[in-house]
Amino acid sequence: MGAEAYPKHQQELGRIIMKGQDRKRNNRVLTIGFTCVIVAICAVTEVRSQELKVGSGAAATENVFKKIQGPMETSLGIKLSIVASGPVEALKDLDKGTVMAAAGGLAVSDWMALMEKSGYKIADPNAYKSYIIGKDIVRVIVNKEVNASYFSKSDLKGIFTGAVSNWKAINGQDIPIQVVWGDKIPGTQELFQKEMMGGEAYAKSKLVSGTAAEVKEMVVRTRGAVGLAPMSLLDASVSAPRGPEVSRPITLLTKGEPSPLVTKMLEFLNREGKKYLSQ
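Residue numbers (my numbering): 320 to 598.
Be aware that one or more of the hints could be misleading.
What the hints assert, rightly or not - Cross-link-like lysine-lysine pairs, in silico, DSS-like; alpha carbons within 30 Å at most:
hint, residue 1, residue 2
1, K398, K574
2, K487, K513
3, K385, K574
4, K448, K574
5, K574, K513
Hints in this document: simulated from the structure, not taken from any laboratory.
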């Protein structure tokens, strides 16, 4: 019996040792798995921390941000999130801290005046830092059916104030004029009103759209339509008659000093990004 029992004790001891080794192995697997989860969480956090959110008007969206969005993410790993809400809402969002920067197609003084006109009180205009990040030319776009090749300043004033209601009055076809108003491009319309309309009000009877791209879409599908758009949106789907040029700076604002991500974007724009803006 003793000779038979001895191997059984050895076998039991072997099983205990193997269980201990299995437990250690499982602990190592759990530790490695837990470490991988932590690394993954950190990686996701890092990716999210590289998102740069900017509020933007039409000029900045079409002429700057859309052009650098892909290349900057590839080059710097910064995901540019564009909130195309117009300069008024963009500055409000900057004040609320929901975006890191605001950009619009107008000078700082005109921007502050636009905010005041909209009923928004700027507590301290000196709290903002400004940077010129581009230039835009505002173009008049018309439906392809409108036979027009040139508008004088007088023509433009008559068209957009509603004083001229039919294209035949300015050597066009007998088609009623449909002014398209973009409620998301106040900076564009404010500048045009100042430069081409002598500050007079836009036509009371007008079609309401949103962003510059949406204004263009409405002009394309509406007979006799006319609207405003940044140069970068011009293509064969609309006509863009020649006429007096309305140009403007594209300004970026930060509240206080720019964040590290905004600084990286500004550096990108001043170096590698220049070639994309010229395309």
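| For the pair supplied as a hint, K448 and K574, is the alpha-carbon distance within the 30 Å limit? | Between K448 and K574 the Cα gap is close to 6 Å, so the pair holds against 30 Å.
| Given the hinted pair K487 and K513, is their alpha-carbon gap at most 30 Å? | holds (26 Å)
| Pairwise hint evaluation, K513 against K574, where the allowed Cα distance is 30 Å at most | holds (27 Å)
| If you draw a straight line from the CA of K385 to the CA of K574, is it 30 Å or shorter? | holds (23 Å)
| said: Holds or violated: K398 and K574, Cα atoms, limit 30 Å. | reply: With a Cα-Cα distance of about 21 Å, the restraint between K398 and K574 holds, given a limit of 30 Å.
Going through the hint list in order, the structure satisfies each hint without exception.
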